[in-house]
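Trainee: Letter by letter, the chains look like this.
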Amino acid sequence: MFLRNYWYVAASAADIGRKPLGRVILNEPIVFFRTEDGTPVAFEDRCAHRHLPLSMGKLVGDRLQCHYHGLQYDRTGRCVRIPGQEQIPPDAKVKTYPVVERHRWLWIWMGDPALADPATITDFHWLDDAAWGAKSSYLYVKANWQLIVDNLLDLTHLAFVHETTIGNSALAEHASVKVTRAPNNVVVTRWIVDQPAPPTFVKVGGFTGNVDRWQIIDFTPPAFLRLDVGATPTGTGAPQGTRVGGISMRNLNAITPETEKTSHYFWGQAHDFDVTNAALTQKIFEQIETAFHEDVAVFTAQQRNLDLIPDPPQVDINADTGVIQARRILDRLHGEEQAALHATAAE
Amino acid sequence: MTENAVKLRVELVWQGDGGDAARTPPSIYLTADGRVILQGAAVSRAEREALALPLDAELISVDRTLIRAIKDML
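Chain order of the listed sequences is B and H.
Residue numbering for the first sequence follows this note's numbering, beginning at 1 and increasing consecutively.
Residue numbering for the second sequence follows this note's numbering, beginning at 1 and increasing consecutively.
Chain B with its partners taken away, still in its complex shape:
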C-alpha cells in the first residue's frame, strides 16, 4: 500500500549532482540529476527506446544521454536527439516528477502533478536552522515502510532494543502516555517522571540524578515522524512546561517506500544546546545512529517473518494505541485515494 499524492524525501540534496542517481520510489524507477545551473530534475529511469535505466547514462550539457543507443532527453523528459536520425517519435518521452529542495533534502511529488503544492511539504526546519545543531543521514531498510512508522510511534521498545543508548526500563514500566488523535494526525506524548536518565542522556547531558523525561511524537501522513525529546533534572518543572537545566533535541524521520518490502529511511538529529559544538553534534548523532542500526536489525527480522508467514495473526497491547491510530489514518487515506482514482478512470 502506498499513498501517492504526497511529497516524499527522495534524497539528500548533497547526493544530487551531475552524475545521474537512480532510485526506486513507490515501485517507480526514477533518475535524479542537476542541470548546469544547479536545478534538480527527476524523471522516469527508463529509456523510452529499450528500457535501459537512464541513470546508467551521462549528462551532455543539460541532456541525459542513454548509455545504450545515445538517445538524449531534456529536462522535460522529452527525447530531443536520436543518433543517426532526425525524426523523433512523439512518444519518445518519459514521465517527469515535481521536485523541491528543502531542509537539505530533495523532495519529490509522486502523485498527480497538478496537485503538487510545495506549501504542503512537512516542516523539518531543525535540520538547517542556525538555532539548532543538526546532522542527518540515510538508511536503506529491507522492510515495509509501515514497520518503521510503527517503531517510532511506540517507544517502549527503547527499553529493550536500545538499552545501551537511549533506553532504560522506565520507558516501559513508568511511562504516562497520552495519544491525541485528529483526523489526519497522531501525537503521542510520553512522560517518564523522576526516573534514571538513559546512558546517552548521561553522556551528553551530564545528568547525575533522576530526570523528568519527555518524548512527544508527531505523526503526519504518509510517514513523517518528528520527535521532541529531552530531559531535565527531576522536580524542575518540565511536566508543567518549564524546561531548564537539561537537554532538548529533535529526532526527525522521513520514510520513503522503495517497494512493498524495502524502504528509504531519511533521518536527522538536532539539539538546541551548545549548537555550534560540532563534536557534540557528532557525539549525539553517533549515539542515535547506533540505536537506529539496532532498529534496522529488528525491521529486517520482522519483514523476514512476514515474508515467510503472510498475514499472520497479531496481538495488540496498550502501548500500540498510537500505532493503531496511525495505521487507521493511513488505511482511510489510501481508500479515499483509490476511490478518487477509480472515479477518475471511470469518467
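Misleading hints may appear alongside valid ones.
[Stated by the list, open to error] Ranges of calculated distance between the beta carbons of each label pair, as one might list FRET restraints:
#, chain 1, residue 1, chain 2, residue 2, range
1, H, Thr24, B, Ala297, 39 to 47 Å
2, B, Pro310, H, Ala52, 47 to 55 Å
3, B, Leu306, H, Thr24, 20 to 28 Å
4, H, Asp72, B, Asp194, 45 to 53 Å
5, H, Ala41, B, Val244, 35 to 43 Å
[Said to hold, decoys possible] From chain H, some residues computed to sit far from chain B (all C-beta separations above 10 Å):
#, residue
6, Val10
7, Gly16
8, Gln39
9, Ala50
10, Leu59
11, Ser61
12, Met73
[To be verified] With a straight-line Cα cutoff of 20 Å, these simulated EDC-like cross-link-like pairs (lysine to aspartate or glutamate) come out:
#, chain 1, residue 1, chain 2, residue 2
13, B, Lys58, B, Asp37
14, B, Lys203, B, Glu286
15, B, Lys178, H, Asp33
16, B, Lys135, B, Glu289
17, B, Lys178, B, Asp154
18, H, Lys71, B, Asp320
19, B, Lys178, B, Asp320
20, B, Lys178, H, Glu11
21, B, Lys261, B, Glu28
22, B, Lys19, B, Glu86
23, B, Lys178, H, Asp56
24, H, Lys71, B, Asp316
25, B, Lys283, B, Asp272
26, H, Lys71, B, Glu294
27, B, Lys19, B, Glu36
28, B, Lys178, B, Asp194
29, B, Lys261, B, Asp307
30, B, Lys93, B, Asp112
None of these hints come from the bench; they were simulated from the model.
C-beta: ideal position from N, C-alpha, C; glycine also.
Assemble the complex: chain B is given as a structure, and chain H must be docked to it using the hints.
Mentor: Just chain H now, kept in the frame of chain B:
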C-alpha cells in the same frame, strides 16, 4: 508504590474534526490490568427517577463524542 501504580498508563484523546475548539475532548484510559476507564459524569438520583433508570446501579453519563472516540480509537 502499590501493585497497580503507574506502569504504562495510556490516555486516548479524540480531537475530532474541529467542532468546538474550546471544548476539552474527553479521555479514555487504558490500565495495565486490562480495564478501560472513561471520563463521564455521575447520574443523579433525580435524573434516574426522571428517566426511570436503575436507582442502585453504577451509571455514568458520557459525552457523545466519547462514543465516537471509542468507535474510532479502540
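Trainee: If any of the earlier hints don't hold here, list their numbers in rising order.
Mentor: 3, 4, 6, 7, 12, 22, 23 and 26
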